[in-house]
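Take a look at the letters that make up each chain.
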Amino acid sequence: EPEVTQTPSHQVTQMGQEVILRCVPISNHLYFYWYRQILGQKVEFLVSFYNNEISEKSEIFDDQFSVERPDGSNFTLKIRSTKLEDSAMYFCASTRARGYTFGSGTRLTVV
Amino acid sequence: GESVGLHLPTLSVQEGDNSIINCAYSNSASDYFIWYKQESGKGPQFIIDIRSNMDKRQGQRVTVLLNKTVKHLSLQIAATQPGDSAVYFCAETNDSSYKLIFGSGTRLLVRP
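Chains as they are written, first to last, in my numbering: chain R, 453 to 563; chain U, 6 to 117.
For the record, the hints were derived by calculation from the structure and aren't laboratory data. All residues carry an ideal CB built from backbone N, CA and C; glycine is no exception. A couple of the hints might just be wrong.
As the list claims (entries may be wrong) - Which residues of chain R face chain U? A few of them, derived with a C-beta cut under 7 angstroms, are:
(1) K494
(2) V495
(3) F497
(4) S500
(5) E505
(6) F513
(7) G555
(8) S556
(9) G557
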């Protein structure tokens with residue numbers, strides 16, 4: 453069964469550093485998403501991406517965040533200057549329409 | 006505003022019993038609902054979905070019920086097994102946006 457692959461599985465970074473979280477969506481999917489989950493809380497929408505541009509973003513997705521699909525395969529989330537409160541699980545998802553597939557997530561720890 | 010919430014944060018059931026997990030939503034424009042299972046350290050895993058033109062959908066050991074009148078969604082798991090222990094989230098979406106709005110989650114504990 454096709455999978456959404458995320459790397460790394462765990463990243464520890466110092467506050468103020470830039471991090472890039474990587475995702476390889478399912479190849480024939482058209483819509484790509486990033487969600488995050490702070491420990492013990494619900495999954496929150498960050499951003500959706502379609503046709504090489506952001507289609508929707510949440511209030512969480514401020515100027516510190518950016519997404520790219522640099523090579524038609526990878527889908528990345530960049531946090532320019534990490535804050536302690538960015539510590540969370542970050543999930544990538546992809547879909548053709550509404551059949552979401554989530555990756556296993558990257559646990560980001562900001563120290 | 007939009008919100009999807011759950012009535013019970015933790016549900017403990019005996020192995021072999023049936024489980025019912027509930028969810029309330031407030032956005033009447035939502036037309037597609039999904040139940041996800043999340044095991045520790047993993048991403049949400051699709052269980053079952055239902056569109057707003059239906060009120061019941063069955064899968065293998067799982068049934069989703071939708072009551073649009075009271076904006077209520079439930080997940081029924083038959084003959085609950087230890088492997089069903091996880092956190093269960095409901096999520097909603099609609100035609101104007103494919104983003105998912107998740108509920109707070111219910112932890113299901115299965116006692117042997």
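Hints, one by one, checked against the model:
1. K494: holds (5 angstroms)
2. V495: Hint on V495/R: holds, closest Cβ of chain U at ~4 angstroms, below 7 angstroms.
3. F497: Hint on F497/R: holds, closest Cβ of chain U at ~5 angstroms, below 7 angstroms.
4. S500: holds (6 angstroms)
5. E505: violated (14 angstroms)
6. F513: Because about 11 angstroms separates F513/R from the closest Cβ in chain U, which is outside the 7 angstroms limit, the hint is violated.
7. G555: It holds, given that the least Cβ distance between G555/R and chain U is near 5 angstroms, below 7 angstroms.
8. S556: holds (5 angstroms)
9. G557: Holds. Min distance 5 angstroms.
Hint compliance for this structure: hints 5, 6 are broken, all remaining hints hold.
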